[in-house]
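Here the structure of chain A is known, so what remains is to put chain B in place on it, guided by the hints.
There are 2 protein chains.
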Amino acid sequence: MRGTITRVSNGFQLATRFSGVTTSPVRDILAVLSRGDVISFAGGIPDASLFELADFRAAFDHVLTHQGARALQYAATKGEPELLEQVASRLSRALPTTPDQVQVTSGSQEGIFLVGQVLLDPGDVVLVEQPTYLAAVQAFALAGASLVPVATDDHGVLPEALAAAIAQHHPKFVYLIPTFQNPTGRSMPAGRREAVAEVLLRTGVPLLEDDPYGELRFEGEAAPPLASLPGMSGQTVLLNSASKVMAPGVRIGWLRAEGDILRALEVAKQAVGLQSAVTDQLAVAHYLATCDLDAHIARVVGVYRERRDAMAAGLAGILPAGADITRPEGGMFLWVRLGGGLDTALRLPTALEEGVAYVPGRAFFARDADASTMRLSYVTNPVGTITEGLARLGRAFGW
Amino acid sequence: MRGTITRVSNGFQLATRFSGVTTSPVRDILAVLSRGDVISFAGGIPDASLFELADFRAAFDHVLTHQGARALQYAATKGEPELLEQVASRLSRALPTTPDQVQVTSGSQEGIFLVGQVLLDPGDVVLVEQPTYLAAVQAFALAGASLVPVATDDHGVLPEALAAAIAQHHPKFVYLIPTFQNPTGRSMPAGRREAVAEVLLRTGVPLLEDDPYGELRFEGEAAPPLASLPGMSGQTVLLNSASKVMAPGVRIGWLRAEGDILRALEVAKQAVGLQSAVTDQLAVAHYLATCDLDAHIARVVGVYRERRDAMAAGLAGILPAGADITRPEGGMFLWVRLGGGLDTALRLPTALEEGVAYVPGRAFFARDADASTMRLSYVTNPVGTITEGLARLGRAFGW
Chain A
12 MRGTITRVSN GFQLATRFSG VTTSPVRDIL AVLSRGDVIS FAGGIPDASL
62 FELADFRAAF DHVLTHQGAR ALQYAATKGE PELLEQVASR LSRALPTTPD
112 QVQVTSGSQE GIFLVGQVLL DPGDVVLVEQ PTYLAAVQAF ALAGASLVPV
162 ATDDHGVLPE ALAAAIAQHH PKFVYLIPTF QNPTGRSMPA GRREAVAEVL
212 LRTGVPLLED DPYGELRFEG EAAPPLASLP GMSGQTVLLN SASKVMAPGV
262 RIGWLRAEGD ILRALEVAKQ AVGLQSAVTD QLAVAHYLAT CDLDAHIARV
312 VGVYRERRDA MAAGLAGILP AGADITRPEG GMFLWVRLGG GLDTALRLPT
362 ALEEGVAYVP GRAFFARDAD ASTMRLSYVT NPVGTITEGL ARLGRAFGW
Chain B
12 MRGTITRVSN GFQLATRFSG VTTSPVRDIL AVLSRGDVIS FAGGIPDASL
62 FELADFRAAF DHVLTHQGAR ALQYAATKGE PELLEQVASR LSRALPTTPD
112 QVQVTSGSQE GIFLVGQVLL DPGDVVLVEQ PTYLAAVQAF ALAGASLVPV
162 ATDDHGVLPE ALAAAIAQHH PKFVYLIPTF QNPTGRSMPA GRREAVAEVL
212 LRTGVPLLED DPYGELRFEG EAAPPLASLP GMSGQTVLLN SASKVMAPGV
262 RIGWLRAEGD ILRALEVAKQ AVGLQSAVTD QLAVAHYLAT CDLDAHIARV
312 VGVYRERRDA MAAGLAGILP AGADITRPEG GMFLWVRLGG GLDTALRLPT
362 ALEEGVAYVP GRAFFARDAD ASTMRLSYVT NPVGTITEGL ARLGRAFGW
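The listed protein sequences correspond, in order, to chains A and B. In this text, residue positions in the first sequence follow the working numbering: the first is 12, and each later residue adds one. In this text, residue positions in the second sequence follow the working numbering: the first is 12, and each later residue adds one.
Same shape as in the complex, but just chain A:
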């Protein structure tokens, strides 16, 4: 399912660093899925039946009725003032933020990409969690970077391992998803966050903190972003997005940073695409100003919690002895480790024949992959479908 692209014809010669860029196995699997009756645990795809369709229709209608000429026109690269205001206000719940500290992005994926473009020269090192979000790996690889994984446990990245990796590799920055991590679903408790921040502050290494899932908490105590710990805000680019809590189709995300790096990111965004869609920026701003996002999130969290429970219970009932699963307190993903030298990628064709899809874990490792792992999303399907999908998974693996 996964491939590098090495050959092009008609005189086109790919950039050397592109040879290190692989296609996204998630996107490759999603392309297969459009074929038919496969139950997908593969993508981190929100359940579309939970979208606030009427609110979004009203928001777009408001924008095109009252701000139409503006919504269809060119605009500032930084973002629409109304959206910057709304985002700053929401971020300020955890970390005081002014609108000028916000840059609108086309999803937080673009935020990841922009930071890579601005900071990375070929050969530069980025430290990442082992395992980590694979499209971040893709974005940093396009900038020519070398990714070095840092060991993790159930509470996230290990502070001592992080300090050792910084001393050895002199990274340009560290990329972390501290809350409901992709792919594992794990979160760093408050104490671990403080210990990691202490390492970063002592060494002066910047942090790219990716937080798309933090508001999807089912239980447990909310942990503040690392960016909000004393001294960390200036040293961190914090990424966030409408995709997981509102709707991914509008492609609206944002980043929070301080000082000169903001200007560099804005210039990089000019080069990438001038500005994010103005229509969608104004619609999201209107939605945030007039709708109750907290109530929507509470509704979504209730549904996702039930699905997490169903998937966790179902897996506990079928997984063979020796397998581990994570039990995330929120977010979208469960992570399964089968062990025993198994390669889940080799079993995927059988699983697709049985009518169920997952993401083989291998792709989430920058190196030294544990191929016996897989990522399962519990948010896309209702409980009955989850149960049926797990039965198919069991048949595919012979459990």
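Think of the hints as simulated: they come from the structure by calculation, not from any bench. Computed from a predicted structure; not experimentally measured. Ideal Cβ positions, reconstructed from N, Cα and C, are used throughout, including at glycine. Any given hint might turn out to be false.
Okay, the calculated beta carbon distance ranges per label pair [what the hints assert, rightly or not]:
#, chain 1, residue 1, chain 2, residue 2, range
1, A, T27, B, S103, 34 to 40 Å
2, A, T27, B, D305, 42 to 48 Å
3, A, H73, B, E171, 56 to 62 Å
4, A, A175, B, S103, 57 to 63 Å
5, A, E364, B, H77, 31 to 37 Å
6, A, H73, B, R310, 23 to 29 Å
7, A, A309, B, G313, 40 to 46 Å
8, A, H73, B, D320, 35 to 41 Å
9, B, P107, A, H166, 55 to 61 Å
10, B, E171, A, G47, 53 to 59 Å
11, B, S103, A, R81, 32 to 38 Å
12, B, G231, A, E364, 19 to 25 Å
Below, chain B alone, put in the same frame as chain A:
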């Protein structure tokens, strides 16, 4: 107005190649303009009063009423099938195109950027027209490329100069805007297109053909894109966009290519931002399927032609002896060359005080700039405002 960004604090260290990236002087000037009563000839900003607001409102309403869950969901990186169909059909007027030869982009700026990411290693050469579109310069610089200008005359790039530059510099590709070029407004006639294509075919050097303005023709005979000349389609990435003929705020553009390069561009787009806004893709597709874009373009062309005439006549009446202006047959820009060692950038503060803005020509040159040039857009303002703006320009320059 223009600046490089060299310093960042808080531990962030910019990538080396970022030191070659400058801010966009157009965007910097636009930021100044939001201050007040300045008549702007600076940006290539369509007249928002010509947007088909009711049609776009209806398109978004249709999409959110009938395709809402899809419009707000993740989608394929390549683009929505309805939009790929519409674009392929429209491109096929000049060059037979199937939907699978189309990739949706977030404006044609993203198309330029993606091609740079996929093909350019640091130090690679791109040949460009002298002068050329400055945000393309920015995008290629972010990929670490070295830009080499090729001499032009009133009919575009000189075939012999192009052949000599290819032999000397072994470029990864050539970037051209053959029709109503930015910044000069010039177009390549059919004979020149054939001669340029002959050079590219003989040398096997790929072409990035940027064609955002081609449909805004006021007079003269339409020249087909270079991509449509015999043998050229496989060797060309052709860029096009909704921005100049429909509305830039939706940020929808597209590229046409053939073969393996398409897959590489799609993977690069995954890394940059997964997909373009699905809402806007479906709305533009619905607009194209249900509205008469040709009739809209005819209306816009009528208005822009009158404004081009007003600006050309006004300039002819005030420019000093020895100054040259182009007389474009379409598009958005006039190009003025004052000569005599003048630097139009030095006069810009005075012009802004007088209440008129333009883009100093210097930024459009990859090297060996003629600083006595300036770019003037005639599309944003009605005739009366153009006349008043030219009077202010005359005072600022002491004509």
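Outcome of the hint check:
About 35 Å separates the C-beta atoms of T27/A and S103/B, a value consistent with the hinted range of 34 to 40 Å. In this structure the hint that T27/A and D305/B lie 42 to 48 Å apart at CB holds, the actual value being about 44 Å. Range check, H73/A to E171/B: Cβ separation about 57 Å, and the 56 to 62 Å hint holds. With their beta carbons about 59 Å apart, A175/A and S103/B fall inside the hinted range of 57 to 63 Å.
A hinted range of 31 to 37 Å holds for the C-beta pair E364/A and H77/B, which are about 34 Å apart. One distance hint, 23 to 29 Å for the beta-carbon pair H73/A and R310/B, holds here, with the actual separation near 27 Å. Separated by about 54 Å at the C-beta atoms, A309/A and G313/B break the suggested range of 40 to 46 Å. For H73/A and D320/B, the Cβ-Cβ distance of about 39 Å falls inside the hinted range of 35 to 41 Å, so the restraint holds.
P107/B and H166/A have their C-beta atoms about 58 Å apart, which keeps the hinted 55 to 61 Å range intact. E171/B and G47/A have their C-beta atoms about 57 Å apart, which keeps the hinted 53 to 59 Å range intact. In this structure the supplied range 32 to 38 Å holds for S103/B paired with R81/A, their Cβ-Cβ distance being about 34 Å. About 60 Å separates the C-beta atoms of G231/B and E364/A, a value inconsistent with the hinted range of 19 to 25 Å.
The structure is inconsistent with the numbered hints 7, 12, although it conforms to all the rest.
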